[in-house]
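Student: Next come the chains, spelled out residue by residue.
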Amino acid sequence: MKMHRYEEIWLVSAVALIVIFMLITGYQTFALGMGPPSHKETIDPQQVDTTAPFDEPGVYQIGDNEYEVIMTLEAFRFVPGDIEVPVGATVTFTMTSKDVIHGFQIAGTNANAMVMPGYIQKVTQTFHEPGEYLVLCNEYCGAGHHVMSTSITVR
Amino acid sequence: MKDIHVETSREEQDTKSLKGTLFSVMMVGAFIAFMWFGVFWLFMERY
Numbered sequence: 001m002k003m004h005r006y007e008e009i010w011l012v013s014a015v016a017l018i019v020i021f022m023l024i025t026g027y028q029t030f031a032l033g034m035g036p037p038s039h040k041e042t043i044d045p046q047q048v049d050t051t052a053p054f055d056e057p058g059v060y061q062i063g064d065n066e067y068e069v070i071m072t073l074e075a076f077r078f079v080p081g082d083i084e085v086p087v088g089a090t091v092t093f094t095m096t097s098k099d100v101i102h103g104f105q106i107a108g109t110n111a112n113a114m115v116m117p118g119y120i121q122k123v124t125q126t127f128h129e130p131g132e133y134l135v136l137c138n139e140y141c142g143a144g145h146h147v148m149s150t151s152i153t154v155r
Numbered sequence: 001m002k003d004i005h006v007e008t009s010r011e012e013q014d015t016k017s018l019k020g021t022l023f024s025v026m027m028v029g030a031f032i033a034f035m036w037f038g039v040f041w042l043f044m045e046r047y
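From first to last, the protein sequence lines stand for chains F and B. Using the working numbering, the first residue of the first sequence is number 1, and each one after it goes up by one. Using the working numbering, the first residue of the second sequence is number 1, and each one after it goes up by one.
Keep in mind that the hints are not guaranteed to be accurate.
To be verified - Straight-line alpha carbon distances no greater than 20 angstroms define the calculated EDC-like cross-link-like pairs of lysine to aspartate or glutamate that follow:
id	chain 1	residue 1	chain 2	residue 2
1	F	Lys-2	F	Glu-84
2	B	Lys-19	F	Glu-8
3	F	Lys-122	F	Glu-84
4	F	Lys-122	F	Asp-82
5	B	Lys-19	F	Glu-7
6	F	Lys-98	F	Glu-139
Treat the hints as calculated values from the structure; they're not laboratory data.
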């Protein structure tokens, strides 16, 4: 097949671009562990209050400046609310919903996850800068969806 | 009717007709790459 020189240039460039994007994304996901949240753990959504660890929601220190937040989401609040962690803390949020689908987004960071009843969701975020981080529900969950928010204070 | 067609080499004719196309395709490619790396930079900045 006779192909024009220019045609060869743009075909090779387009394929190279896609391959480069895929390599970077693959490296990020598998080598740097920056894949999207997708924890495959299930829970009975009607027994959340009596199922460990969700029977005691709260902030727990699990290592040197490493924390785990056991969190339940329900219409229209995050439990626990007002979380406080030191600067540089790596925080893993272990979450589940008690009723409908909620969202968990920490504004200004990459932490963004859908929290579904029946599933346990895990998101890890390191807080490098001090300040107050706004946490929002970004899945429409009912009449009070717009007031469903909390904050994380980093000192 | 007299044929007044001037014979040009096939290579030369193709090059002339695809120059604009190459430019346009490269512009679209540059735009896509710019956007992609912009989002990538934003992601890494917020990590």
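Student: Now, for every hint given, state plainly whether the structure supports it.
Tutor: Results for each hint:
For the hint pairing F:Lys-2 with F:Glu-84, the CA-to-CA distance comes to about 66 angstroms; that exceeds 20 angstroms, so the pair is violated. A threshold of 20 angstroms between alpha carbons decides the hint, and for B:Lys-19 with F:Glu-8 the separation of about 13 angstroms falls inside it, so the pair holds. Only pairs whose Cα atoms come within 20 angstroms are accepted, and F:Lys-122 paired with F:Glu-84 is accepted, the gap being roughly 18 angstroms. Of the pairs offered as hints, the one joining F:Lys-122 and F:Asp-82 holds, with about 19 angstroms between alpha carbons and a cut-off of 20 angstroms not exceeded.
For the hint linking B:Lys-19 to F:Glu-7, the alpha-carbon distance of about 10 angstroms falls within 20 angstroms, and the restraint holds. Simply put, F:Lys-98 and F:Glu-139 have alpha-carbon atoms about 14 angstroms apart, close enough for the 20 angstroms limit, and the pair holds.
Figure legend: structure checked against the earlier numbered hints; the only hint not met is number 1.
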